[in-house]
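K.L.:
Since chain A is already given, all that's left is putting chain B on it; use the hints.
As you go down the protein sequences, you meet chains A and B in turn. Those letters in the first sequence? Residues 15 to 135, by the numbering used here. Those letters in the second sequence? Residues 22 to 128, by the numbering used here.
There's no promise every hint is true.
[Stated by the list, open to error] Partner residues aside, some chain B positions facing chain A, computed with beta carbon under 8 Å: (1) 34; (2) 37; (3) 52; (4) 55; (5) 64; (6) 117; (7) 119.
[Said to hold, decoys possible] Taking lysine to aspartate or glutamate pairs in the EDC-like style, the calculated list, with each CA pair at most 16 Å apart, reads: (8) A:97 <-> A:30; (9) B:63 <-> A:123; (10) A:59 <-> A:30; (11) B:66 <-> B:102; (12) A:80 <-> B:22; (13) B:66 <-> A:123; (14) A:27 <-> A:123; (15) B:60 <-> B:103; (16) B:63 <-> B:103.
[As the list claims (entries may be wrong)] Output of the computed footprint for chain A on chain B, the stretches with three or more beta carbons under 8 Å from beta carbons of chain A: (17) 65-72; (18) 79-91.
Hint data in this document are derived by calculation from the structure and do not stem from the laboratory. Ideal Cβ positions, reconstructed from N, Cα and C, are used throughout, including at glycine.
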Amino acid sequence: QLQLQESGPGLVKPSETLSLTCTVSGGSISSSSYYWGWIRQPPGKGLEWIGIIYYSGSTYYNSSLKSRVTISVDTSKNQFSLKLSSVTAADTAVYYCARRLTISTYYFDYWGQGTLVTVSS
Amino acid sequence: DIQMTQSPSSLSASVGDRVTITCRASQSISSYLNWYQQKPGKAPKLLIYAASSLQSGVPSRFSGSGSGTDFTLTISSLQPEDFATYYCQQTYTTLLTFGGGTKVEIK
Numbered sequence: 015q016l017q018l019q020e021s022g023p024g025l026v027k028p029s030e031t032l033s034l035t036c037t038v039s040g041g042s043i044s045s046s047s048y049y050w051g052w053i054r055q056p057p058g059k060g061l062e063w064i065g066i067i068y069y070s071g072s073t074y075y076n077s078s079l080k081s082r083v084t085i086s087v088d089t090s091k092n093q094f095s096l097k098l099s100s101v102t103a104a105d106t107a108v109y110y111c112a113r114r115l116t117i118s119t120y121y122f123d124y125w126g127q128g129t130l131v132t133v134s135s
Numbered sequence: 022d023i024q025m026t027q028s029p030s031s032l033s034a035s036v037g038d039r040v041t042i043t044c045r046a047s048q049s050i051s052s053y054l055n056w057y058q059q060k061p062g063k064a065p066k067l068l069i070y071a072a073s074s075l076q077s078g079v080p081s082r083f084s085g086s087g088s089g090t091d092f093t094l095t096i097s098s099l100q101p102e103d104f105a106t107y108y109c110q111q112t113y114t115t116l117l118t119f120g121g122g123t124k125v126e127i128k
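Isolated chain A, as found in the complex:
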């Protein structure tokens, strides 16, 4: 059974960089059938797609965050990571990692449990 697990600091200071890692178990991140993505959800609000990465390193980002976001992959560790720079209180959210298909309608079929990141001094 595929599992995804987010990890990283739960508290980040304003203007600093948020860094999270998603560890994939029960399957290979190097599969040609999937992209790996990040989605966030501010408290009490809806879902916002951040970006996705292929095992080769190819990335796509939400244009509203593109100047601050970097997603990378480490196939040797079966992990992918998110960095979001110059954070503000508006970046406080639960951050989810998820698997996205490369076929059909590109849905996210497996999700991590999510991790709350609070931006505060």
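P.N.:
Here is chain B on its own, set in the frame of chain A:
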């Protein structure tokens, strides 16, 4: 960016009721429309993909329809475990977008 508008934003219903949620895209997205269910404190769960295909393991009381700009998610007979928030998502463009969500509450 393609905007996804869900209606209603919330609804109250009783166990056994038929519930319909609507999602409208700001431009045609063919059938690149997925539906997710989210319960408090949990990650979203995929229910329907490609507008009308039921994800494996999802009860058959859930169904989806539509294409182009107008889509619906229907729960034929609401069960206690169905009280949750439902989101549509378009994947027609690389910039994926979600609807604002529909919270289904107990009447």
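K.L.:
Now tell me, hint by hint, if it's right for this structure.
P.N.:
Status of each hint after checking the structure:
{"no.": "1", "hint": "34", "result": "21 Å, violated"}
{"no.": "2", "hint": "37", "result": "28 Å, violated"}
{"no.": "3", "hint": "52", "result": "7 Å, holds"}
{"no.": "4", "hint": "55", "result": "4 Å, holds"}
{"no.": "5", "hint": "64", "result": "4 Å, holds"}
{"no.": "6", "hint": "117", "result": "4 Å, holds"}
{"no.": "7", "hint": "119", "result": "4 Å, holds"}
{"no.": "8", "hint": "A:97 <-> A:30", "result": "10 Å, holds"}
{"no.": "9", "hint": "B:63 <-> A:123", "result": "14 Å, holds"}
{"no.": "10", "hint": "A:59 <-> A:30", "result": "23 Å, violated"}
{"no.": "11", "hint": "B:66 <-> B:102", "result": "13 Å, holds"}
{"no.": "12", "hint": "A:80 <-> B:22", "result": "14 Å, holds"}
{"no.": "13", "hint": "B:66 <-> A:123", "result": "7 Å, holds"}
{"no.": "14", "hint": "A:27 <-> A:123", "result": "32 Å, violated"}
{"no.": "15", "hint": "B:60 <-> B:103", "result": "9 Å, holds"}
{"no.": "16", "hint": "B:63 <-> B:103", "result": "14 Å, holds"}
{"no.": "17", "hint": "65-72", "result": "holds (count 6)"}
{"no.": "18", "hint": "79-91", "result": "violated (count 0)"}
Taken one by one, the earlier hints fail for this structure at numbers 1, 2, 10, 14, 18, listed in ascending order.
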